[in-house]
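Asker: Each chain, letter by letter, is given below.
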Amino acid sequence: MSNVSQTTAAIIGFAEELEDRSSAFYDELAERWPENRDAFQTFSKEGGKNKGWVIRTYQETISDALEANFCFEGLNLDDYTIETTLAEDASYTDALKTAIALEEKSCAFYQEVAKRSKSLLATIPMAFKRVAKKRDKRRLRLQSMLDQA
Amino acid sequence: MTMLEEPIKEPLQLKNYIDGEWVESEGRVKDVVNPATGKAIATVPISTEDEINEAVEAAKEAYPGWRRTPPLARVRCLFRLKELLEESFEEVSRIQTMEHGKTIDESRGETRRGIEMVEVATGIPSLMMGYNLEDIASGMDEYLVRQPLGVFGIIGPFNFPFMVPLWFAPFAVATGNCVVVKPSSEDPISQVKIVELVEEAGIPPGVWNIVHGGRTVVSGMLDHPDIEGICFVGSTPVGRDVIYKRCGETGKRMIVMCGAKNFALVMPDANLDRTIAACMTSFYGNTGQRCLANANLVVVGEGLSDREYDAFYQKVVDAFVAAAKRIRMGYGLDDTIHMGPIRDEKKKANVLKYIEKGIAEGATLTLDGREFEIVGDFPDTCFIGPTVFEDVTLDMAIARDEIFGPVANMMKARSLQEGIDMIHQIPFGNAASIFTQNGKWAREFQYNVECGNIGINTGIAAPMAFFPFSGRKESFFGTLHGQGREAIRFFTESKVVIQRWF
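As given, the protein sequences belong to chains V and Z, one line each in that order.
The numbering used here numbers the first residue of the first sequence as 1 and each following residue consecutively.
The numbering used here numbers the first residue of the second sequence as 1 and each following residue consecutively.
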């Protein structure tokens, strides 16, 4: 998928999948490490909200995003594919490290698409920036959980 | 790549919606074919004269009650319709891709534009207000009210099957009129979906009707004495020679929006990256089947030496062709696709005919859309790739005729004035764009160009729902345009009251 001009639909579809897979990952963490269930469940729920936010912004502004297909030229979505598989014997710290890596990639994705969509209606980059910020906060929280582990 | 799920699993059997009932037509049926897959997804009836008369009769009967319904109550129905459309956003978008062939981004954009019409029409209690003045003479006051007229006919085109009837119907209904919609028989499914939601929204029987069909239905509307006005979007020959003429003969008001051949002028100071991106959407969006699509790109050499101009021209053309080559073609439900097929085989044949004509006329075929690749395993029946011609002159048919396909002509003008003169040498006046960073050039362009919709650094000068969709010359027949305040004027008649109390 490199060096192609990504459509807006593909970018939004990717964001949707990113949020769904992240949420599923945190659900698994909540089940495997019940002592931190609340935190992981919060992350999972937040994924649903992020997804809703991005889709709603897209659907409400798409008529003004007609040129959007060409903003994402050369963006390689493979660079932002997240790893959500945990080995059966993975430790808590392994899980947190995987989560941090996931958040870093997700944040990088949202920051990149926010940067590229600056020429579109302001609400589009704003939505991406907002999710990037949330993801970054989450990374910091995970880092502190790792430091305390 | 994600191939989105098709919302239509089995072929649908479409019916007319008359007086709040789904009724089968007595007429013959024809297939609605998905142009990307070649599969029939519905059958649509070609309704009879009796059926259109029945629909007009139902609308006429519903009118007095609907007219007397307070505007606030009328728009509450539209608020509900808006909500239902939002809930069905994805479904109706995918239906458009299936019935028309456009990409999912284009369909979603069309859905949003359609919903925006409903949103603006919900402002009718304020927008429809008249005005007044006390004491125009001793003890006398004068005021103006806008009154609805009765029944309107709406004839939709194939290129925007969801949105275009919504340019008119919500405004007509919100102002207290009743409508009979005839969708394009090529892609009528999304209009059926809208009417299902109209029914659910509680709009009373007879207010919003749908009658499928062809010429018989159109003639029935044009000749019917109980139809007050017609809204038509389609080709210039039909609009000018049939709709405009017949409405004049029968005394109907009309909005007749027709064909186009739009120009984009690229000035030497244009931001080229942004210009080319805008041009890809403009020339190839909706596979060129858009009356606001640009078709002639004029590279303007204002202020440049001959040598500089040659280099600038080449730079623009190279960038345009390189971007056009990167367009991915396929089934619009694949979310990575930039361009879908042409609506049907016959229309593709017409585009091919123009490509051959362009070659015969002496234009240089720089990018041949007849050679293309499709992403995915789909029949090539309706597909045609982005095409670019150079050395195009205004006497050529490819420069003058509306091709309605992905064909771009590269042309030259030494000055801005020459570019503007070129625009005026063709009979259409729908839209024109200029790409520049120079305010003086932009102002000169917007002031002098005889087109209804002007784009400055935008390739598609599509007016929002609260502005009229303008158009001039052979692109528009009538007086008031669709959308916005002009639509409200169109669907109402002014009544002036002068009163004095003894």
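Honestly, the hints are just simulated from the structure, not real lab data.
Do not rely on the hints blindly, as some may be mistaken.
Label pairs and their computed distance ranges (CB to CB) [unchecked claim]:
hint, chain 1, residue 1, chain 2, residue 2, range
1, V, L146, Z, D273, 39 to 45 Å
2, V, D20, Z, E450, 38 to 44 Å
3, V, K133, Z, S494, 50 to 56 Å
4, Z, E196, V, R32, 43 to 49 Å
5, Z, E86, V, R37, 54 to 60 Å
6, V, D20, Z, E86, 19 to 25 Å
7, Z, K39, V, R32, 45 to 51 Å
8, Z, I359, V, K129, 48 to 54 Å
9, Z, G20, V, K137, 50 to 56 Å
10, Z, N271, V, K129, 20 to 26 Å
11, Z, G214, V, G52, 54 to 60 Å
12, V, R32, Z, D273, 26 to 32 Å
13, V, R56, Z, G130, 48 to 54 Å
14, V, M126, Z, E196, 30 to 36 Å
A quick note: this is a predicted structure, and the numbers were derived from the prediction, not measured.
In this text, a Cβ means the ideal position worked out from N, Cα and C, and glycines have one as well.
Asker: Broken hints, numbered, in rising order?
Answerer: Those not satisfied are hints 2, 5, 11, 12, 13.
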